[in-house]
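Chains A and B, in that order, give the protein sequences. Using the numbering used here, the letters of the first sequence correspond one by one to residues 1 to 478. Using the numbering used here, the letters of the second sequence correspond one by one to residues 1 to 370.
For the record, the hints were derived by calculation from the structure and aren't laboratory data. C-beta atoms are modelled at their ideal positions from N, C-alpha and C, and glycine is treated no differently. Hints are all accurate, no fakes.
Think about it this way: if two alpha-carbon atoms lie no more than 30 Å apart in a straight line, the pair counts; the simulated DSBU-like pairs of lysine-lysine are:
#, chain 1, residue 1, chain 2, residue 2
1, B, LYS243, B, LYS271
2, A, LYS391, A, LYS445
3, B, LYS34, A, LYS79
4, A, LYS360, A, LYS171
5, A, LYS54, B, LYS161
6, B, LYS295, B, LYS357
7, B, LYS243, A, LYS79
8, B, LYS260, A, LYS129
9, A, LYS54, B, LYS158
Which stretches of chain A does chain B cover? Using the computed rule of at least three CB atoms under 8 Å from a CB of chain B, they are:
#, region
10, 46-54
11, 68-82
Label pairs and their calculated CB-CB ranges:
#, chain 1, residue 1, chain 2, residue 2, range
12, A, PHE259, B, LEU72, 44 to 52 Å
13, A, MET136, B, LYS71, 39 to 47 Å
14, A, GLU241, B, LEU268, 46 to 54 Å
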Amino acid sequence: MKYETIMGLEVHVELATKSKLFCACSTEFGSDVNENVCPVCAGMPGTSPMVNRKAIELAITAGLLTNSEISPRITFDKKNYFYPDLPAGYQLTQLFAPICKNGWVEIETDAGKKKINLVQIHLEEDAGKLIHDDWMDTTLIDFNRASVPLIEIVTRPDFRSAEEVVAFLEKLRSLLSFADVSDCKMQEGSMRCDINLSVREKGSDKLGTRTEIKNMNSLKAIAAAISYESQRHIDALETGEEVLVQETRRWDDSIGATFSMRGKEDATDYRYCPDPDIMPVFIDDEWIDAVRSNLPETAQDKFIRLTQKLGLPEYDSEIITRSKNLSNIFDETLQYYNNPKEVANWIIVELLSIAKGDNKGEDDVRIDCQKFAKLIELVDGRTINRNVGKKILSLILEEGIDPVEYVEKNKLGMINDTSLISSTIQEVLSENPKALEEYKAGSKKVHGFFVGQIMRKLGGKANPQIINKLLTEALKEI
Amino acid sequence: MGIFIEDYNVSGADTVALEDSIMQKGKQVTAGSKILDNFVSPFNATVVDRLLDGGFKISGRTVMDEFGLLKLSHDDNNTPSGAVRAVSEGISAYALCNDLFGRYREEAPQYDCCYIHPTYGTVSRYGLIPLASSLDQIGIVCRDLSQGFGLLSHLAGKDPKDGAMFPDSKYCYGKTDEKITLGIPRSVIEKADADTRESIMDFINKFSSTDIDLEYFDLYSQVMYILSSAEISNNLSRYDGIKFGYRASGYTDIDDLYTKTRSEGFGLDAKLTAIMGAVVLSKDHYGPYYEKAMKIRRLIKESINFDTYDVIVLPCKISDDPYENLALYSLAPLAGLPSVSFSYKGYGIQLVAGVKKENLLLSTWEVSMA
Ligand SMILES: [Zn+2]
Chain A
1 MKYETIMGLE VHVELATKSK LFCACSTEFG SDVNENVCPV CAGMPGTSPM
51 VNRKAIELAI TAGLLTNSEI SPRITFDKKN YFYPDLPAGY QLTQLFAPIC
101 KNGWVEIETD AGKKKINLVQ IHLEEDAGKL IHDDWMDTTL IDFNRASVPL
151 IEIVTRPDFR SAEEVVAFLE KLRSLLSFAD VSDCKMQEGS MRCDINLSVR
201 EKGSDKLGTR TEIKNMNSLK AIAAAISYES QRHIDALETG EEVLVQETRR
251 WDDSIGATFS MRGKEDATDY RYCPDPDIMP VFIDDEWIDA VRSNLPETAQ
301 DKFIRLTQKL GLPEYDSEII TRSKNLSNIF DETLQYYNNP KEVANWIIVE
351 LLSIAKGDNK GEDDVRIDCQ KFAKLIELVD GRTINRNVGK KILSLILEEG
401 IDPVEYVEKN KLGMINDTSL ISSTIQEVLS ENPKALEEYK AGSKKVHGFF
451 VGQIMRKLGG KANPQIINKL LTEALKEI
Chain B
1 MGIFIEDYNV SGADTVALED SIMQKGKQVT AGSKILDNFV SPFNATVVDR
51 LLDGGFKISG RTVMDEFGLL KLSHDDNNTP SGAVRAVSEG ISAYALCNDL
101 FGRYREEAPQ YDCCYIHPTY GTVSRYGLIP LASSLDQIGI VCRDLSQGFG
151 LLSHLAGKDP KDGAMFPDSK YCYGKTDEKI TLGIPRSVIE KADADTRESI
201 MDFINKFSST DIDLEYFDLY SQVMYILSSA EISNNLSRYD GIKFGYRASG
251 YTDIDDLYTK TRSEGFGLDA KLTAIMGAVV LSKDHYGPYY EKAMKIRRLI
301 KESINFDTYD VIVLPCKISD DPYENLALYS LAPLAGLPSV SFSYKGYGIQ
351 LVAGVKKENL LLSTWEVSMA
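Input sequences plus hints: build the corresponding full structure.
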């Protein structure tokens with residue numbers, strides 16, 4: 001390839017604090033419109049922002065996880081622009097003294113390992129949301145998100161491919177979600193990213209014209225947008241038909257193309273200045289050490305624990321540690337039933353397939369881990385067979401039933417009675433002479449048919465291992 | 001112009017008038033600007049709660065210049081501000097206001113009143129409609145400084161709703177027995193007219209004193225003007241016609257709504273200040289104007305160290321030009337220092353002391369009145 005694509009990212013991550021960055025309003029997702037608003041976050045005159053220490057702690061955590069320097073003294077600055085979703089007419093952010101500097105994150109792609117360098121991580125407040133009411137033909141504003149804390153992670157232009165960008169975002173999501181810094185849900189907007197992209201001839205040390213693709217919130221769209229935008233730059237360089245300009249562009253997923261967001265954006269002078277109402281916050285080593293000592297297990301640590309201490313296969317461990325939610329389910333279920341192999345197996349095979357059928361991702365599965373553990377124990381202890389177990393799992397998810405009570409009440413306990421199973425086998429064999437002939441003629445498939453018939457007669461509750469053993473013996477004798 | 005926008009018709013020694021920039025729950029609060037035309041305050045300013053807790057009565061809301069801005073546009077209207085009139089005419093015992101540019105500090109002595117400008121960060125600004133946040137400070141118009149400080153002791157003390165305050169929860173104001181040495185900036189006093197100078201010299205003779213040089217005095221007005229414009233322009237951004245206050249009618253789109261609302265809602269001084277602030281914060285001017293002014297502000301603070309003197313004496317007027325006079329009223333807000341102004345033998349005198357050294361001001365005043 002003659003060209004290379006050079007990219008840097010600005011990743012916005014919503015912090016998992018209970019209250020907003022500068023007031024006590026709740027950050028809960030899905031509240032009623034304008035339910036979580038007070039005079040401070042509504043930008044009323046005469047109010048003063050009070051910094052949320054938890055947000056600072058989460059930003060320090062993000063800094064520690066990305067090998068960043070933590071600034072000993074941080075300040076907040078006003079970024080001035082007019083937009084209806086911005087209550088005060090300025091956004092509080094950090095320009096002059098950001099909380100973290102000079103970090104790096106190691107990523108791995110098919111091309112190998114690579115370090116992505118970070119310029120800085122800074123804290124800032126989110127804006128509200130505009131809602132267009134077509135019926136009234138008017139625009140309304142929901143300020144619930146106004147002043148919710150974000151961190152913006154700014155990388156150096158170290159990316160050369162969409163794979164690297166995706167690997168970085170996945171690594172970031174894993175690091176931050178495992179440490180409860182953020183749930184990093186791209187589809188809900190709690191993690192979103194701007195891509196700065198330029199293309200140059202390989203070997204050249206001159207940078208090409210740079211464009212910025214704003215507000216990307218799915219990995220698939222990011223890969224597609226990078227591919228589209230790189231090709232647009234290459235075409236422009238090759239044919240000269242389109243002149244590239246430095247600008248902000250918007251990705252349209254349904255069309256599969258980027259479009260210029262023409263106008264003011266690039267010409268805006270944000271007239272940054274320090275906010276005199278917020279005193280500088282000092283971060284001493286003691287505070288940093290306290291945050292460090294409370295850092296939870298990373299996905300990588302957990303993977304090592306699962307494979308080395310618990311003896312799980314790498315494949316299973318990889319799936320479980322890909323999602324903070326699955327890891328939590330795994331750890332909690334293990335507390336009630338300590339059989340790592342079975343618990344992992346039930347999560348990966350059964351729980352995820354039900355979730356998939358319900359169109360839920362691995363981060364959205366919710367289950368009562370105590371009931372889940374009881375169920376696995378019932379199957380594992382041969383009280384019920386696996387098929388009954390699967391049905392009960394669905395019922396736990398749908399209706400929250402208690403598996404032990406349910407099995408008792410519905411008499412679903414497994415039949416282990418060998419004489420009952422033996423007599424049922426004889427019945428089935430005598431009722432199906434034709435199939436028996438086929439078996440004698442060498443058809444192995446018929447074995448399965450017999451198992452099915454026997455199981456049906458026993459109401460699906462028989463121990464399949466015992467059926468198998470006794471059936472094989474009975475067939476031998478014929 | 002009247003005194004009150006709203007008169008609650010109470011009288012007595014425990015009455016306090018509020019400048020229209022101080023929030024009172026359920027009351028229309030406009031800070032003298034059309035842009036806040038229909039704004040009803042959803043909460044009480046902390047000083048209002050503390051007044052009520054202290055058993056004081058609110059006598060009314062006084063008229064004010066739009067947001068308390070510096071009036072560079074000359075007008076012939078020489079009536080004093082509502083706050084000073086309320087006290088001087090005996091309608092209210094006290095008045096609270098935010099005096100950034102010296103209007104109240106200059107007027108109070110002319111109408112036989114006193115003004116207390118407390119140390120920055122000792123009186124909560126929660127519920128004060130901001131002008132320039134790093135300079136704003138609620139002060140008191142009163143007839144007598146010892147009474148004024150009595151009121152201040154009810155108001156001052158940390159408020160968790162104001163992020164820029166000293167941690168002290170309470171302040172006691174009283175006379176001190178410390179021997180007070182006045183610092184005399186002769187070159188500044190010489191700018192005042194002959195009668196004022198004579199009165200100041202008479203005042204000084206009651207104390208031991210030393211000559212001081214107010215370094216950067218020539219830059220005070222400029223620094224004050226640049227920094228306040230920047231902060232005011234920030235603080236005026238929230239008045240956009242979207243969430244509260246005045247909204248123009250007949251707009252075509254969002255930009256038109258902003259433009260019409262702010263064109264119709266703001267007066268000339270607000271517009272000039274907003275534009276000046278935007279200029280000094282713009283990319284090309286931030287360094288040579290805003291940043292430089294910040295540096296000089298720091299130098300000014302450091303230059304006033306109260307090493308060989310306790311209290312600085314200044315006149316209340318050196319010129320008919322408000323911009324030149326501003327220099328006299330810039331030191332206290334720029335350096336966060338407490339000051340008082342009062343009339344001495346018919347002429348205005350201003351005293352400035354170190355951070356939280358209000359007691360020196362009170363004692364100096366008492367000695368001079370004895
Ligand atoms: Zn709030």
